[in-house]
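When you line the sequence shown up against the working numbering, it's residues 197 to 278, in that order.
Treat the hints as calculated values from the structure; they're not laboratory data. Careful, some of the hints might be misleading.
Stated by the list, open to error - In silico SDA-like links for lysine to any residue, alpha-carbon gap of 25 Å or less:
1) K212 with I264
2) K261 with S224
3) K257 with N221
4) K254 with A223
5) K261 with N203
6) K249 with E213
7) K254 with L211
8) K249 with G220
9) K261 with S273
10) K257 with D243
11) K257 with E233
12) K249 with A223
13) K231 with H263
14) K251 with L215
15) K227 with K239
16) K251 with S273
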Amino acid sequence: MSVLMVNEKVSFNQLKELLEVTDGNLASHIKALEKAEYLEVQKSFVDRKPNTKYKATKLGKLEFKKHIDALESIIKSKNELK
Numbered sequence: 197m198s199v200l201m202v203n204e205k206v207s208f209n210q211l212k213e214l215l216e217v218t219d220g221n222l223a224s225h226i227k228a229l230e231k232a233e234y235l236e237v238q239k240s241f242v243d244r245k246p247n248t249k250y251k252a253t254k255l256g257k258l259e260f261k262k263h264i265d266a267l268e269s270i271i272k273s274k275n276e277l278k
């Protein structure tokens with residue numbers, strides 16, 4: 197999701213390279229995010245080759261922001277205990 201937050205659209209191969217994961221691992225994560233409606237899939241053909249791109253949905257962006265806010269809150273509370 198972090199890649200999709202800073203890029204409007206990202207292809208499967210770009211995600212795979214950036215995240216350094218296998219096709220199967222990436223596909224299972226994408227499937228879960230798609231099921232949760234956090235990303236949308238856009239399929240097309242480029243020079244007769246399939247090209248799949250992903251885009252974060254409004255819901256996905258909102259939920260990712262909530263996740264980051266929760267992590268920041270945890271870090272802040274840990275730092276206050278020191």
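Checklist line | Hint check against the structure, violated hint numbers in rising order | finding: As far as the earlier hints go, 10, 16 are violated by this structure, in ascending order.
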